[in-house]
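Mapping of the sequence shown onto the working numbering: residues -13 to 33, in sequence order.
Don't read these hints as lab results, they were simulated from the structure. All of these numbers come straight from a predicted model, not from anything done at the bench. Just so you know, nobody snuck in bad clues.
Have a look at the derived ranges for each label pair, beta carbon to beta carbon: (1) A15 / P(-9): 15 to 23 Å; (2) L2 / A27: 16 to 24 Å; (3) T7 / R30: 26 to 34 Å; (4) T7 / S32: 32 to 40 Å; (5) R30 / V8: 25 to 33 Å; (6) V8 / A31: 29 to 37 Å; (7) A27 / Y3: 19 to 27 Å; (8) L(-1) / G29: 16 to 24 Å; (9) S32 / L(-5): 12 to 20 Å.
Quick reminder that beta carbons are idealized off the backbone N, C-alpha and C, glycines included.
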Amino acid sequence: MHLIPTEALYLVLSGLYAASTVGLDKSIAAIATAIVYFAFAMGRASH
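Start from the sequences, fold in the hints, and give me the full structure.
Shown next, in the form of structure tokens:
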């Protein structure tokens, strides 16, 4: 199992922070970006 990339963890935490600050509707894009980046990083690390 690979470790979670620091950038992905930062994006996830940023998304959660945005959700608690400006509301979930405005942070969906940030969370989706974190998920996409995480999936990309995991796929790249598995090769």
